[in-house]
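Protein chains: 4
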Amino acid sequence: MKGQKRLRDYGIKIGEIKTGKLNSITDVTGVKVGHLTLSDSKIKTGVTAILPHEGNIFQNKLIAASHVINGFGKSMGTVQINELGTIETPIILTNTLSSGVAYDSLVKYMLNHNDEIGRTTGTVNPVVCECNDQILNNIRGMHVKEQHIMMALENVYTNFEEGSVGAGTGMVCYGLKGGIGTASRIVEINDERFTIGMLVLTNFGRRKDLIIDGIKAGRKIEDIQKAMDDKIDKGSIIMVLATDIPMTSRQLKRISKRTGVGLARTGSYMGHGSGEVVISFSTANKVSHYEKEATVQIKVFNENNIDKLFRAVGEATEEAILNSMICAETTKGRDANVRYSLKEYIGEILK
Amino acid sequence: MKGQKRLRDYGIKIGEIKTGKLNSITDVTGVKVGHLTLSDSKIKTGVTAILPHEGNIFQNKLIAASHVINGFGKSMGTVQINELGTIETPIILTNTLSSGVAYDSLVKYMLNHNDEIGRTTGTVNPVVCECNDQILNNIRGMHVKEQHIMMALENVYTNFEEGSVGAGTGMVCYGLKGGIGTASRIVEINDERFTIGMLVLTNFGRRKDLIIDGIKAGRKIEDIQKAMDDKIDKGSIIMVLATDIPMTSRQLKRISKRTGVGLARTGSYMGHGSGEVVISFSTANKVSHYEKEATVQIKVFNENNIDKLFRAVGEATEEAILNSMICAETTKGRDANVRYSLKEYIGEILK
Amino acid sequence: MKGQKRLRDYGIKIGEIKTGKLNSITDVTGVKVGHLTLSDSKIKTGVTAILPHEGNIFQNKLIAASHVINGFGKSMGTVQINELGTIETPIILTNTLSSGVAYDSLVKYMLNHNDEIGRTTGTVNPVVCECNDQILNNIRGMHVKEQHIMMALENVYTNFEEGSVGAGTGMVCYGLKGGIGTASRIVEINDERFTIGMLVLTNFGRRKDLIIDGIKAGRKIEDIQKAMDDKIDKGSIIMVLATDIPMTSRQLKRISKRTGVGLARTGSYMGHGSGEVVISFSTANKVSHYEKEATVQIKVFNENNIDKLFRAVGEATEEAILNSMICAETTKGRDANVRYSLKEYIGEILK
Amino acid sequence: MKGQKRLRDYGIKIGEIKTGKLNSITDVTGVKVGHLTLSDSKIKTGVTAILPHEGNIFQNKLIAASHVINGFGKSMGTVQINELGTIETPIILTNTLSSGVAYDSLVKYMLNHNDEIGRTTGTVNPVVCECNDQILNNIRGMHVKEQHIMMALENVYTNFEEGSVGAGTGMVCYGLKGGIGTASRIVEINDERFTIGMLVLTNFGRRKDLIIDGIKAGRKIEDIQKAMDDKIDKGSIIMVLATDIPMTSRQLKRISKRTGVGLARTGSYMGHGSGEVVISFSTANKVSHYEKEATVQIKVFNENNIDKLFRAVGEATEEAILNSMICAETTKGRDANVRYSLKEYIGEILK
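Protein chains in written order, with our numbering: chain A, 1 to 351; chain B, 1001 to 1351; chain C, 2001 to 2351; chain D, 3001 to 3351.
One chain only, chain A, in its complex shape (with noise of 0.2 angstroms):
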């Protein structure tokens, strides 16, 4: 976004059903995501923060899920996720390094938020998902400090950029420049819409692997340019899934699994070395801290129409991960190693 250049301005259409308004997880009413980027000759890292909704997340918690697809990796918060179904805080998004300052910064941004953590009630659940971007950050020089996470916090928008910026900064995917990307899509049933956003970190899969809407794109540009092997192949993707659909937990896991199928068919094989993990929540119903009734109404998805949400997910998480490849920038990093953008390749690609 923010005049980014992006998959469909290439004339690529990802799936069958309609985007939102801006094609991006903050079509989701509320949600907000801020980046801090950190860039210079060794340092490619940074910061992304996905605020769940405007108000106060702890007191007004949503219903939420997490789902690992592979689990070589070393996402926080994900045993309460699955527990109590709920979270509590903004969702930080780093290098896996940085995941501690991460969880520190979010726990003092929380009790700064909230006096009564620790005091008069108990305390909470900070959300890390990380990536690794060794391969262009120094990331044993653990960089981010703890003002990073704060300013990624404080500075907050619906219209974000995609690409090599935040926590996208150093990634690396499909041997090219990956990083933040987002779309999302718009669900009809019975004339009420619903709004599926997906936020992708990239940093996954081998070149040769790349598909783009059924197209062997990798094997093009393995004939453009030999390649450089990624020898050290210790990817990840964090997919952050944000619905206004009134779902459960359970309801949230189903359509989050769906994620696989867009990274399939984008050329992934799950590799071992990647944490590959969703986090996903819904806008609809408010969890309260201090909740006084015996039982509460929440409204649920009817479930015989799920169908169309796992679509819809899987078309969302396909075409975000494009976008993190095709709005990120050719980055020269840590030892001179570069990565270059799917931009330089995407004309030859699609003649």
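In case anyone wonders, no lab produced these hints; they're calculated from the structure.
There's no promise every hint is true.
If you want the footprint, here are the derived chain B segments under chain A, 3+ residues with CB under 8 angstroms [to be verified]:
1. 1082 to 1095
2. 1238 to 1251
3. 1288 to 1296
4. 1300 to 1312
Predicted model only: the values in this text are computed from it and were never measured.
The beta-carbon is built from N, C-alpha and C at its ideal position, and this holds for glycine as well.
Guided by the hints, dock chains B, C and D onto chain A, whose structure is given.
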């Protein structure tokens, strides 16, 4: 029930929460239980059927969950319960090798009641759970037939027998006679009354380990009578939890896990050879097979109060297990194998 | 096989890894497959049996895993596979409503071969998987009988038919005729050759979505023939993965998950009404039922190389699905319902 | 240990299996434990580090498992343990809000010991578990710093203190003072001796529920002293299980589940607000980070005998919990909150 002398009639009261009127799973309105007992000198087996509500369960499904404590068992139906969070048939309990005929018969029962299954709508997910009664029963004979399943399904009551009846006819628990037991608890929250009912089929455990309300009863029994060791401890316990509390499948699963507390308190180490499976359902929300709305309202439990339910489930499980034993009769089965009733020792134990 | 024209015979090669000699699950030494087909104007169903090895599988179990992609299915045996990580019976595939008779018959088959079951040792865990063939088959008739299961078990081969045979007789895939398909891949690591074999029973998908090696074949077929919509998409896919690679249950589960990649590449969104279940086993280590040693040596795979297996599983699944379709014959079943063979369209699709 | 008076010194013997020499997790050869205690009038917290073996754990990983009994907790590292079945770092226990600094410090510790992490090989999976010590500790102060984590990691012993030390400094158990406890069991099979060691961090439970070897101790304490109710029961228990028995990850998970038996026997209902997490590992097989062979030999346990391990785990857990309490000192923390030692009541209880 039905005039049987139960645990409380011996002055033993498990826990602190009050019971329902019958202290039975059938205290949950709509739940009914039927037994068919097969008993001669070699055949000691049978069928127990649990009807979750009085209407058409296929058309009006209930929210449900399954939980496996130890999976050395052959329960059927759990894959779909886990995915969809509903049950759509009665629950059949029988011996392990008769599970096939139970599934087959339950399919026929469902076809008889629902013309559209396999025609204008899809198929159906039978729920069948089992224990291995081979110590007392000639299980290789596969004596349970279709008509036995049908009779159990068609003769259901709120006031039913416990002990060595139905699926419990040949079961062995803690080296004594086991079988069917039940108990219930009433939980009050903000002046609302909720019921949790538990029915167990007990067939597990080592005599020496039996604990009755903290008393190491098994060791006392060992002193009274040098026991026949159960060399083949291929036991199991099936636990069916019914409640009128509105809950999601995730919430049901959480409370289902606390059956393990009750189980452990009676002396179990959740043995290797044991299929320890919980099926739980809530009668509070109906899930219509032909729902047309995009979204539906359901009531769910305010999880801030769930500790009260955990305790109730633990207590009801513990008491139901002990009821299954104290209500069972000394039984001589195949090859003159005998398992004695706990009744014969309870006087000594309580001294 | 057996002289059938398969996908590769049309010039379509899935992936980059070479196949085994038969390009079949039976390339894994010891694995055999048997079919029993029931076919008249209304009855279109049958049984497929997979024998994991040629010896006594109860006495010498194999390490195994199950994986549920979508659990709208009634597979039996997965609870115990998950707990113990072994299989101890052949695997039976049949239609949904005949799963009970399949379980019952498989019990009898096991009792016949093992006198000790239910006497001096415990019971046995039958593995039965199913799809719903109600579009072409009068499934309510429950036409599969004990003798059919036995015949499938007793007539097993390494060279077996694919398409509309055995359990695949009445199955429907992507709105065309589905059924049984198989494929295999050979993985070489440090001069050692390993085999991965896949057998699928296909009964899922929307015609428009079919993809063949990147080609949007389904849309082309829609153009050729305005399709009969499958209003009742209560489909499923069963995937049986055999390998001679030494693996733990956890490792088998990891590679089993990559079936989803192959599935997605053929166009599936892993539909709501689909029971998508994988049963996998390795023939490399035998687990003795009567093991006496305190500990045993097993071989396991060096997981650093597991990416090669992921790719092989993805490819074999994709090809097996397409083989199930291209080998199937156009079939007219109950109520004159017809599903056409992919063969009738493949010429146009490849133009 | 270290001269502390433990449960057995009061004449209470849990179970029937004999203990290791130290009755400690450190009876498993190679396992060492370090504490760093922070204690003043407001600060009551600390760090406990468990080293799984004496070599380089990143280069020679151990087979491991995690098990969540109740997931109201923030443990880190479990996603990867579940996927790969190994641990590759020491285990850090601390308070909930300090988990971020623990992760961060553990990363630095691992980087210091392994130059290749984040350069020529991938990253690392820190294992951090936590309980909430806010009743006695000013947890919002986030007083644990990097040097504290490092000191715990660098000062490890086989003979270590229990009770109100390290991560246990501010913990509360059954309304009394909790903290660190340990115990072990020796299992003999075919003349081979195996050790199971358990270390717990206890911070859960309602006073009235405490059971000591069948004695309803909590109710007796209530009689002695009308207790301060713990209105905020946001407790937890972390259980670390070490063994020298060769086991797969699946087997470790199975025995880990039996911690629930020990827990229930002390009176727990596995409360809602409790993060009850088990991390288990076996020292018997090393998994080389740089393994080159296609397959490797490992030893695994003959599961036919696993019941003996289940019992041992149950007993060791029960005893470790009680040791954590009986070794703890009465502690006055923030806001003059006091939690008394079980020592003060044990005489009355045993009368």
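To see whether the hints hold, each was checked on the structure:
Three residues within the 8 angstroms Cβ limit are the bar, and the stretch 1082 to 1095 of chain B against chain A gives 3, so the coverage statement holds. Residue count for the stretch 1238 to 1251 of chain B with a Cβ under 8 angstroms from a Cβ of chain A: 5. That meets the three needed, and the coverage hint holds. Chain A is given as covering the stretch 1288 to 1296 of chain B, and this holds because 6 residues of the stretch bring a CB closer than 8 angstroms to a CB of that chain, at least three being needed. Interface restraint, the stretch 1300 to 1312 of chain B with chain A: holds (6 residues with C-beta to C-beta distance below 8 angstroms; minimum three).
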